[in-house]
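Peer 1: Following the hints, complete the assembly by docking chain D onto the known chain C.
Line order of the protein sequences matches chains C and D. Residue numbering for the first sequence follows the numbering used here, beginning at 1 and increasing consecutively. Residue numbering for the second sequence follows the numbering used here, beginning at 389 and increasing consecutively.
Careful, some of the hints might be misleading.
What the hints assert, rightly or not - Computed list of lysine to any residue pairs in SDA-like fashion (alpha-carbon distance at most 25 Å, straight line):
(1) C:226 with D:434
(2) D:614 with C:265
(3) D:415 with C:344
(4) D:761 with C:243
Quick caveat, the hints were computed from the structure, so don't treat them as lab data. Since this is a predicted model, take the numbers as computed values, not measurements.
Number of protein chains: 2
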Amino acid sequence: MENFTFDGASRVIFGKGAEKNLTSEIKRLGGKKVFLHYGMGSIKKSGLYDKVIKLLKDGGFEVIEQGGVKPNPVISHVREGIKICRNAKADIILAIGGGSVIDSAKAIAVGVPYSGDVWDFAESKAVPQTALPIGVILTIPAAGSETSRYSVVTNEDGMWKRDVVNENNDLIRPKFAILNPEFTLNLPPFETACGVVDILAHVMERYFSRTTNVDLSDKLCEAVMKSVIKNGPVVFKEPGNYDARAEIMWAGSVAHNDLIGMGRGWDFVSHRVGMELSAMYDIAHGESLTIAFPAWMKYMYKLYPVIFAKFAVKVFNIDNDFDSIEKTAFAGIKAVESFYKGLNMPISLTEAKVPLDKFEVLAEKCDKIGNIKKIDKKDVLEILKLAT
Amino acid sequence: MENFTFDGASRVIFGKGAEKNLTSEIKRLGGKKVFLHYGMGSIKKSGLYDKVIKLLKDGGFEVIEQGGVKPNPVISHVREGIKICRNAKADIILAIGGGSVIDSAKAIAVGVPYSGDVWDFAESKAVPQTALPIGVILTIPAAGSETSRYSVVTNEDGMWKRDVVNENNDLIRPKFAILNPEFTLNLPPFETACGVVDILAHVMERYFSRTTNVDLSDKLCEAVMKSVIKNGPVVFKEPGNYDARAEIMWAGSVAHNDLIGMGRGWDFVSHRVGMELSAMYDIAHGESLTIAFPAWMKYMYKLYPVIFAKFAVKVFNIDNDFDSIEKTAFAGIKAVESFYKGLNMPISLTEAKVPLDKFEVLAEKCDKIGNIKKIDKKDVLEILKLAT
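Looking at chain C on its own, in the form it has when it is part of the complex (with noise of 0.2 Å):
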């Protein structure tokens, strides 16, 4: 196991009617002037968006706002939200959304009382050294950005999709994340199906590692992965079905909170190739996911066999055959297949319809990353062979 630190910082309110807890909190914070952050306008839809301006107006608080995040969300739209918030002097920013509207809410916070620009995190010419707290109303169990110390976020300036802080990000971890499962009994089947695939990667993220003697971070994982591949058909199949929702809902949290992958090494290296995916063809990033994962498990597990052979059995149930650990391994990646297209998700490039012409330009922003290898553009566009 290595040395680590974890900072379970986010207080999370579960369950039905947990938006009540909503002006103690922001009143425990020392909040006055709310900053509302949210996305397309599905809150206004649902009635959540009256019935949390009920709740600050009650609750005599201040409030600011601006809608209009965009799944992916482009800093310039962050670079407004800062104007905002600083001319409104709001001391508390509120996302509510998925993890597009609190990721792009954690770019704000730290945005604000910096005075260059914000990009300037993502590039590590900066290190942020403070940031208005963030809380959470949650409507799209996906990122985990709810309780996360991440936050990504596209420069249109060449649509690089990158971490806005890489230093000191616990500073953006939100204060407290208010999880109603009922606010997502209407999540259409495809969001849906993006949130559990998205859910299911940063788990597997976790778990695809060379760092041994891991084992109950190795359980912990399992786990999380074993419930996601239980409930997610169920919340695609059974919109309404309150249960589930609350075990997805949850896993999501878990998975990227940290706890789970504590002393071990990650790979995000499909997370990334996905995020440039969705980046560049504005594809959803679930998409991303289930087209740039199982080709780089196709790359990786003749390199590293047992590590997914290890994933196959444990999590897939996958009967091990001790004579060829190579077709177990394989094993597990088609399962991930299945499940994906179960979700009726894409699993190819060509599927998603995405044109294979800008393969060279993917590679160059994906250079030199991972850990169980650490990949270079022939890899990358190996990689991306893998998933035409």
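Peer 2: Coordinates of chain D only, in the frame set by chain C:
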């Protein structure tokens, strides 16, 4: 799944050399006068005391101290600690040791700013409003107190062993916990075994629940139990095995920081019976658990065989006897007993040389507790009979 709030506020710094972060952590919390709290001197023998004193002096902190915390810490010693802290105007408590020391430190932390007597909190006559911040250097993985909201102290006036803080107990969750597995390499086998069974008990208490639709937390609990069952015998037989020590140390925190048991009822009856046993007869907390737990299981499995059969199959890989769920369940209880025996722990009062004369008094102390079944005195007497 039931509604819940999870507030994982302890920062865990884990691994070799983790203690080098001590002074920066104290500074982060604004501490200047450190109240050092420890046990019966093992940290002086091991050299940890000198190391910590040097770190604190070099860091420019004022140090006040109180050692002498005994296993099953007592309220009179806590009251003394409160006086020392007040007189010295200590602003942070650093507990170095295992669960007893940390629990004692927590009681002091809420006692210092309170004008009444600290036992008021145990009797729910008052609710703590504030507390001194607590930091921990853990030397015995067992109680999970280093990241938990719980503090159990014995009141010698009647030998009551109770949670000191019943409400608002997030106040006493340590702000940071330094976990260096190297500090546990010299733990003797008996203390090691007591720790292992305590950790396992914390998970079992969360697992044995009648709450349904808790798939993820079921699987997380199973993961931790399986890892403890795998690594417990290793640390018992190979005290110097760093890797296994690391697994057990991290498992101790994960078992009791609440995350794995969210959204479900917990049943702490065996722990409570064990606690009262250890308070009355001064047997080790671990011994009290290995006596009380199988007895409680033997009493309960006939009422709720499915819960215990699930445990047998999922945690101990017992072959499921579909013709008799009770047989499967019972095989799980025998497996727990075998596990305890493998760690050389007693599984009956007779083995532990506990006199069988005070069952009535003990039953009185454990009346009307429990979750999967609210037990009364009559039940406790039956359980104690099964423990002889």
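Peer 1: Take a quick look at whether residue 415 of chain D and residue 344 of chain C sit within 25 Å of each other, Cα to Cα.
Peer 2: This hinted pair is violated, its Cα atoms lying about 52 Å apart.
Peer 1: Taking only the CA atoms, is the gap from residue 226 of chain C to residue 434 of chain D under or equal to 25 Å?
Peer 2: Not satisfied, since the Cα-Cα distance of roughly 43 Å exceeds 25 Å.
Peer 1: Mind checking the alpha carbons of residue 614 of chain D and residue 265 of chain C for me, to see if they're no more than 25 Å apart?
Peer 2: holds, 22 Å
Peer 1: Is it true that the CA of residue 761 of chain D sits at most 25 Å from the CA of residue 243 of chain C?
Peer 2: Within the cut-off at roughly 24 Å; holds.
Hint violations for this structure: numbers 1 and 3, all remaining hints satisfied.
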